Amino acid sequence: MTRSVSLFVSCFNDMLFPNTARAANVVLRSLGVKVEFPRRQTCCGQIHVNTGYASMAVPLVRNFVNTFSGAEEIVAISGSCTAMVREHYLELANRTNDVNLISKTRELVPRVFEFSEYLTDVVGVSDVGATYPHRVSYHPTCHSLRSLHIYESAIKLLGAVRGLQLIDLSFAEQCCGFGGTFSVKNSPMSTAILADKVANIVNAKVETVVALDNSCLLHISGALKRNNTGVSVMHLAEVLAHGLDGVV
1 MTRSVSLFVS CFNDMLFPNT ARAANVVLRS LGVKVEFPRR QTCCGQIHVN
51 TGYASMAVPL VRNFVNTFSG AEEIVAISGS CTAMVREHYL ELANRTNDVN
101 LISKTRELVP RVFEFSEYLT DVVGVSDVGA TYPHRVSYHP TCHSLRSLHI
151 YESAIKLLGA VRGLQLIDLS FAEQCCGFGG TFSVKNSPMS TAILADKVAN
201 IVNAKVETVV ALDNSCLLHI SGALKRNNTG VSVMHLAEVL AHGLDGVV
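In my numbering, the protein residues as written are 1 to 248.
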């Protein structure tokens, strides 16, 4: 049976990291999955909820539900956005007292998957045929680890990549300090947390840091570049696309 998914890119990736969406598309199609991109998708509303403006996220919830309601499965390339949908959408829909929206939200939420868990838990693969001959460490982002409890799926996928040396990162589970507006409103604390993360990355002597959220990778990348470490960052989808469909 041919699987069909709708790809939820997230506004952050759409604006700043479109290559991640392209990479996810390459990986999914290489596995025989039919990929669609609903053009009406927008922000999931996470930033509104995180900053105390939950009521302003309701129209975005409604748009998401209406946009993806016809999808068999929805795959998101952001752990934090996936967590937003799973943890907050039904509660936000309940606020409206809109019986139709509540019903559609309840039915849709279980069909939303983060990219790595979709590959391992739904499609049932760990080796997608990728090649990436570099020393790599995996940073489990807070939402993917603590909210979604995703860790093993990413490790399995990275472990199957040809040539990739997966290096343990000390205190990997610790936050990178981004936290959306936390890094702006609590800059000194965010910077201190980030310094610890970067020190552990440097000590691991890796070439690339991989995660499931480009927001965290953007934060980490800034410090890596400012300190001239030479370490790059990549979303998991980009690593898995290497060697597929002409991607190098």
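Accuracy of the hints is not assured; some may be wrong.
Pairs of lysine-lysine, DSS-like flavour, derived with a Cα cap of 27 Å [said to hold, decoys possible]:
#1 K156 <-> K34
#2 K156 <-> K205
#3 K185 <-> K205
#4 K185 <-> K225
#5 K104 <-> K34
Derived Cβ-Cβ restraints for the label pairs, each shown as a range [claimed, not checked]:
#6 D168 <-> A54: 17 to 23 Å
#7 M56 <-> A195: 43 to 49 Å
#8 N97 <-> K205: 36 to 42 Å
#9 D168 <-> E36: 20 to 26 Å
#10 G129 <-> F171: 40 to 46 Å
#11 S187 <-> R95: 29 to 35 Å
#12 N66 <-> R162: 40 to 46 Å
#13 D14 <-> G159: 41 to 47 Å
#14 V99 <-> A172: 39 to 45 Å
#15 R106 <-> G52: 22 to 28 Å
#16 T51 <-> Q174: 22 to 28 Å
Rather than coming from a laboratory, the hints here were simulated on the basis of the structure. Computed from a prediction, not measured in an experiment: that's the story for all the values here. Where is the CB? At the ideal position from N, CA and C, for every residue including glycine.
Here is what the structure says about each hint:
Of the pairs offered as hints, the one joining K156 and K34 holds, with about 23 Å between alpha carbons and a cut-off of 27 Å not exceeded. Restraint check: the Cα-Cα separation between K156 and K205 comes to about 21 Å, which is no more than 27 Å; the hinted pair holds. Only pairs whose Cα atoms come within 27 Å are accepted, and K185 paired with K205 is rejected, the gap being roughly 31 Å. Note on K185 and K225: the hinted pairing holds, with a Cα-Cα distance of about 22 Å set against a maximum of 27 Å.
Of the pairs offered as hints, the one joining K104 and K34 holds, with about 23 Å between alpha carbons and a cut-off of 27 Å not exceeded. At about 38 Å, the beta-carbon gap between D168 and A54 misses the expected band of 17 to 23 Å. A C-beta distance of roughly 34 Å is found between M56 and A195, which places it outside the suggested range of 43 to 49 Å. Evaluation of the 36 to 42 Å hint for N97 and K205 yields a failure: the beta carbon distance comes to about 56 Å.
Between D168 and E36 the beta carbon distance is about 38 Å. The supplied range of 20 to 26 Å is therefore violated. Restraint check, G129 to F171: a C-beta distance of roughly 32 Å breaks the suggested window 40 to 46 Å. Checked against the hint of 29 to 35 Å, the pair S187 and R95 passes, with Cβ atoms roughly 32 Å apart. The supplied range of 40 to 46 Å is met by N66 and R162, whose beta-carbon atoms lie about 42 Å from each other.
Roughly 30 Å separates the CB atoms of D14 and G159, a value that falls outside the hinted 41 to 47 Å. As the Cβ distance of V99 to A172 is approximately 44 Å, the hint placing it in 39 to 45 Å holds. Distance hint for R106 and G52: a CB-CB separation of about 25 Å, consistent with the stated range 22 to 28 Å. At about 23 Å, the CB distance of T51 to Q174 agrees with the hint of 22 to 28 Å.
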